[in-house]
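A.B. asks: Okay, here's what each chain looks like letter by letter:
There are 2 protein chains.
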Amino acid sequence: MTVSAIAVNNGVNVEALIGAREALTKAPEAARFRWQATCNWVNGTHSRATVSGFFGLGQDQQRKTEFSFDADHPEVFASEDLGATPVEYVLVGLGACLTAGIAAIAQHRKIQLRSVSATIEGAMDIQGILGIDSDVRNGFEGIKVSFKIDADATADEIEALVAQSQKRSAVFDIVTNPTNVSVEVA
Amino acid sequence: MTVSAIAVNNGVNVEALIGAREALTKAPEAARFRWQATCNWVNGTHSRATVSGFFGLGQDQQRKTEFSFDADHPEVFASEDLGATPVEYVLVGLGACLTAGIAAIAQHRKIQLRSVSATIEGAMDIQGILGIDSDVRNGFEGIKVSFKIDADATADEIEALVAQSQKRSAVFDIVTNPTNVSVEVA
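First to last, the sequence lines map onto chains A and B. The first sequence begins at 1 in my numbering and counts up by one. The second sequence begins at 1 in my numbering and counts up by one.
None of these hints come from the bench; they were simulated from the model. A few of these clues could be false.
[Said to hold, decoys possible] Over 10 Å on every C-beta distance to chain A, these chain B residues come out as not near it, computed from the model:
1. I6
2. V8
3. K110
4. Q112
5. G128
6. D133
7. R168
[What the hints assert, rightly or not] Under the rule of at most 27 Å between Cα atoms (straight-line distance), these lysine-lysine pairs were calculated in the DSSO-like manner:
8. B:K144 x A:K64
9. B:K110 x A:K144
10. B:K148 x A:K167
Bear in mind the structure is a predicted one, so any value in this text is a computation, not a measurement. Ideal Cβ placement from N, Cα and C applies to all residues, glycine included.
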């Protein structure tokens, strides 16, 4: 009887992540990261943000690429719709964070993924942001994420993957728990 | 003595927004919006999200343009850095939301803006997401937003603009207060 081992490859270097975890356990100050974006107003509700460097592993980290993002409000708000709305960026971040987690955890659990897709929906009563009703919050009433995953795994294993990804997701934590934001004018 | 009125123009149609507020006060069901993104896994921690339609004013709203966003983890996490990290998308959304608010409120208060820029920094101890220390949260320890604003206004008026923008910002609310997120596998 021959047992053929098929290597699982989701494109995630789990060995490197486990090595990083071991290294940072011994040097926790290197685990202090600072992510950043800069945002420049263009006109109206249109702004352009850039993301490039960040701080981590004890030093400033530069990237090969600078990423640029246009944000705006849609035409129904009398704007020009020259970019995604700010709240949509939060949904993009949430979907991306959970999806990256699923890929990494699947690799660690030797589950081959074939496809992962998600819809991320945020319900919002805009009476809040328009100041019509002070009992209505400005942000989302709630967010619903729905995954479709095709993988060499049982339904229970796939559910467990998604659950573990939530447990370790930075953006899931940011959205579901409060974060202090200080805003200053230089 | 001649008083010359110089029209303030920040590119925001405040009259339309005030009209919308009046209309939605009479028809609050039209204020129920649903924003959405779809996210597709590419490989490793790399995913691609698209933002196009949304629901609002009682119907599905289509846009002229579909916006597409690549997300990934940086090379220090043994990834390929093919897009901004998910948490950076949250910072982009926060900066854009506060900036759009400043432009709209300045228009309403007849303050001419010349330039608005912000840096948005989120501190994170990645011992959380790596599962090293369960007392460390996965998300940001805190976020600091720093604005530089050049406008025809006093320092106090500029401070008040920024304060009012925070008060009405959807993303500021999302980040500073908890939102329920349900995640399901179809």
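A.B. asks: Next step is simple, just say for each hint if it's right about the structure.
C.D. replies: Each hint, compared with the structure:
1. I6: Its Cβ never comes within 10 Å of chain A, the nearest being 18 Å, so this holds.
2. V8: holds, 13 Å
3. K110: holds, 16 Å
4. Q112: At roughly 12 Å from the nearest Cβ of chain A, Q112 of chain B sits farther out than 10 Å, so the non-interface label holds.
5. G128: violated, 8 Å
6. D133: The claim is violated: D133 of chain B sits with its nearest Cβ about 8 Å from chain A, within 10 Å.
7. R168: About 6 Å separates R168 of chain B from the closest Cβ of chain A, which leaves it inside 10 Å; violated.
8. B:K144 x A:K64: holds, 25 Å
9. B:K110 x A:K144: Given that 27 Å is the threshold and the Cα spacing comes to 39 Å, the pair is violated.
10. B:K148 x A:K167: violated, 37 Å
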